[in-house]
Amino acid sequence: MFRNLSYKSQRIIIIIAFSLIPVALLFTLAYLPVFNMFRYSFTDWNGYSKQFDYVGFENYKTIFTDPKYFSVFKVSLYYFVGSFLQMGLALYFATILSFKVRFKNFFKGVLFFPYLLNGVAIGFIFLFFFRPDGTLDTLLQAIGLGHLSQGWLLNPNIINVSLAGASLWRYMGFNLIIFLGAISSIGKDVYEASDIDGANRWHQFRHIILPSIKNIIQLNMILAISGAISAFDIPYIMTGGSNGSNTFVIQTVDVAFKYGKLGMASAMAVVLLIIVIIVTLLQKILIKGEK
Amino acid sequence: MKRNKMFTGLMALVLVFTMIVGCSSNTNNTEQNTAKTNESGSNTAPTEGTDKAVSGEITVITQRTDIVDTVFKDYAMEFNKKYPDVKVNFQALSDYEGQIKIRMNSDDYGDVLLLPTSIPLADTPQFFEPLGDLDQMKSQYIGLEERTVDGKSYGLPITVNFSGILYNKKVFDDAGVATTPRTPDEFLAALQKIKDKGVATPLYTNYADSWPLTQWESVLTTVAGNVDYVNVTQPNTDDNFVAGQPHYDLYKVMYDAAQKGLIEKDPTTTNWEASKADLANGKIGAMVLGSWAIGQVKALAANPDDIAFMPYPTNAEEVIMPLADDYLLGISLHSKNKEAARAWVDWFINESSYPTTEGGGMSPVVGAELPATLKLFEGTEVKFELQTPATAGQEGWVDKIDKDAEIGLWQPDFKKRIIEAAIGNRSESYDDIMKDLNDAWVKSRAKVTQ
Chain A
0 MFRNLSYKSQ
10 RIIIIIAFSL
20 IPVALLFTLA
30 YLPVFNMFRY
40 SFTDWNGYSK
50 QFDYVGFENY
60 KTIFTDPKYF
70 SVFKVSLYYF
80 VGSFLQMGLA
90 LYFATILSFK
100 VRFKNFFKGV
110 LFFPYLLNGV
120 AIGFIFLFFF
130 RPDGTLDTLL
140 QAIGLGHLSQ
150 GWLLNPNIIN
160 VSLAGASLWR
170 YMGFNLIIFL
180 GAISSIGKDV
190 YEASDIDGAN
200 RWHQFRHIIL
210 PSIKNIIQLN
220 MILAISGAIS
230 AFDIPYIMTG
240 GSNGSNTFVI
250 QTVDVAFKYG
260 KLGMASAMAV
270 VLLIIVIIVT
280 LLQKILIKGE
290 K
Chain B
0 MKRNKMFTGL
10 MALVLVFTMI
20 VGCSSNTNNT
30 EQNTAKTNES
40 GSNTAPTEGT
50 DKAVSGEITV
60 ITQRTDIVDT
70 VFKDYAMEFN
80 KKYPDVKVNF
90 QALSDYEGQI
100 KIRMNSDDYG
110 DVLLLPTSIP
120 LADTPQFFEP
130 LGDLDQMKSQ
140 YIGLEERTVD
150 GKSYGLPITV
160 NFSGILYNKK
170 VFDDAGVATT
180 PRTPDEFLAA
190 LQKIKDKGVA
200 TPLYTNYADS
210 WPLTQWESVL
220 TTVAGNVDYV
230 NVTQPNTDDN
240 FVAGQPHYDL
250 YKVMYDAAQK
260 GLIEKDPTTT
270 NWEASKADLA
280 NGKIGAMVLG
290 SWAIGQVKAL
300 AANPDDIAFM
310 PYPTNAEEVI
320 MPLADDYLLG
330 ISLHSKNKEA
340 ARAWVDWFIN
350 ESSYPTTEGG
360 GMSPVVGAEL
370 PATLKLFEGT
380 EVKFELQTPA
390 TAGQEGWVDK
400 IDKDAEIGLW
410 QPDFKKRIIE
420 AAIGNRSESY
430 DDIMKDLNDA
440 WVKSRAKVTQ
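Order-wise, the sequence lines are chains A and B. Using numbering that gives the first Met the number 0, you'd call the opening residue of the first sequence number 0 and step up by one each time. Using numbering that gives the first Met the number 0, you'd call the opening residue of the second sequence number 0 and step up by one each time.
Just so you know, these hints were derived from the structure itself, not from any lab. Mixed in with the good hints, there may be bad ones.
[As the list claims (entries may be wrong)] Computed list of lysine-lysine pairs in DSS-like fashion (alpha-carbon distance at most 30 Å, straight line): (1) K67/A with K442/B; (2) K67/A with K446/B; (3) K73/A with K264/B; (4) K446/B with K49/A; (5) K73/A with K442/B; (6) K151/B with K67/A; (7) K169/B with K382/B; (8) K257/A with K151/B; (9) K446/B with K257/A; (10) K49/A with K335/B; (11) K67/A with K434/B.
Since this is a predicted model, take the numbers as computed values, not measurements.
Could you build the full structure based on these sequences and the hints that come with them?
Here you go:
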C-alpha cells in the first residue's frame, strides 16, 4: 500500500512511526505534568479533593510577599560555592586520569562509584560519618586533629558546609566522567606535537585541554548551578531541612505533602522553574558576550 | 532501495500496532479472569461453618512491612477457613502516608486500606465506602467518630492507643526516683537526677527521625486535663499557644529538658531503631510515645519488667491518659468485591487479635478484654478516656486551621524549632516561637471560621 507513495512521503511515514512512541512518552511523562502544574498553581487544590477553586495569582502573591518562602535561598549559596569546588576537583582528577597513570581504571571506578549509589544510602552513610564519635571524628583523632571535631550537623554554622560536602562527594563522579569523555576526544597527535615543542603537563592542560572542553565545562556549570538552586535529596534525607538546612525544594515538598497545599506548592515549583531558566539564559548570554 | 524503505516503514507500523494491541489484549485477559473467578464463586452454595457466598479477590494494603509476609499470611489462612472463596493479597507500603496519597489519585488503591490521616474529613466519601450508620455501630465499636461524615462511619480503628511516657523503671530507680513523677517540675527533677547519675540519657527526643516528635501532640489531653480541649475548645480559642494554655505547657517541658541538657548529646544524628534498644537496655531513661511502642521495646529488653508506661506530667487536677484511634481500616469506593472486603474488615477487627497483639493497644470492639498494659492502671487515679468529638458543624476545623497556618500540630517542624532554640542554635526564645505560632493560629482561625 506504500508502493505508490513517493520517496518523500515514505520517509515522513517512517519518521512519524518511529517517533510516535518517544513523543507520546515525552508528552505524557514530561509536558502533561508540567502543564498540569501550571494549572494547579492557580488553584487551592489540596492534593486529594475532586474539586478545587481557582484563586488567580493568590499563591504567587503569597510566595513573593512572605519572606519565609524566599529566605531559604541563602542555603543554596553553600551548594553554589560547593559546586565550583566540585567542578575544580572533577577537572583536576579527570586531567590526571587522562594521562598515563597506574591503576587508572581502578581510580576512575573509585571516583565514579558514589554517583551510582542510591541517595538514601548516601544520606545514611553520612549520618554515621558526621555523628559524634563517628567516622569523621575518629579519622581526625587518628591523624592528630582531634581538636577540630565537633557537632557537624549540630552546629548551625557548619551544617550546610557538611551537607554540601556530602553532596560534592556524591556528584563529583558525574562531572568527572563527562570531563573524561571530553578530554579523551582530543587527538593524541596534539599532545605528541606539544611534547616535541617542550610543553609540560601544565602547559598541555592550559593550552590544549581547557580550550578543547570549554563547551563541556559550560554545560557542567549550568547543571551545577541549577543543581545548587534545587538542592534536595542529601539535606532531605539527612536532616529533613531542620537546623537551618532547609532548601527551597524541601520547603515545596513540605507545603505540598505536610500541609496539603498542592496549589501553593505548584506555584513554588513554577517559580523555581522560572529561576532556573533565567539563570541558564543569563549564563548563556554572559558567556556569549565574552566572545 | 525503494522496496527496502517501504519494508522498514511497514515494520515500524507493525511494531507500533503490536505494542498498542499487545497492551490492550493483556488488559482484556485480566478482566476476563477476574470475571470468571467471581462467577464461579457466587454460584457455589454456602456450606456449614464457612461462608461461601462471599467470594472474589481482594487486595489489602497495610503499613506493616515487618509482618506482612508472616503474621498477615497466617491471618489470611485463618480468614480462608471461614471464607474459602476469598483470595486475599497483601501490599505493604514502607511510607504509607506518602505513597497511598499518590495512588489515591487513581482508582486503583486496593480494596481494603487504612484511611490516610491527611485527607480532609469532608473528602472521605469521595474515596471510601460507608461502613454503616454511626448510631447503629456505636454500640459495637468505639472510636468511630474520627471518620464519620453526615452520620456515616467510614473506618474502624485497627487498634486504640493511649499515649504518655515510655520509660525504663530501673534507670529511674537507680537514679533515686522512687515515685513516678506527676507534675512537669517533678518530671524535670527526675530527669536531672538521671543526668547526675551519668549512666543514661534522661529523655530521648529522636529529633533526627522527626516523626517521634509528633508523639508529643497526642498527650495534649493529659496536659489540658480535659477531654474537650482538643476538638471542642481548641478550634474556638485564639489563645492556643499562650502561656498557661495546654500547648504552651506541653512543649515547655520539651524546651526546658533540652535547655538543661537532659536530652541526647547530639539530637541531629539520632536513630529510632537504635533508641528502642537503648531504652530497653537502660541507656535511655524515657521517651514520649504511644502504647503501641511498649511491646516493641519490651521485646528488646533483657528484663521486660523494667519497661513501664506513665501518663505525661501534668498540673491538671485529673490525670487523663487519652485514648486515640490508630489508623482506621476502610474499604475503597472503587473496590470490585466490596462484600469480600467488608468480610475482611469485620474479621480483622473482631477475630484476628491484631488490635491487642500486633497493634499493641486496645480492641475497638465494645466489651473486649483489656490488654495487660492497661490493666496495670486499674485502681489508680489515671483515667482512660476518648476525646470528645468536634461540635456539629465544626468538624475538621482544627485540621483546616492547622494546615492553612502551616503550624503542623502533627508535623515535627515546630518541635524541632523548639529543640534548636533550646540548645542555642537559634536566637529566638521559647516565647518567641509560641507567639509566632499563636499569631499564625489567630490569622488562619479567622479565615477558616468566618
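Item checked: Enumerated hints in conflict with the structure, sorted upward -> Hint 6 is the one this structure does not satisfy, whereas the remaining hints hold.
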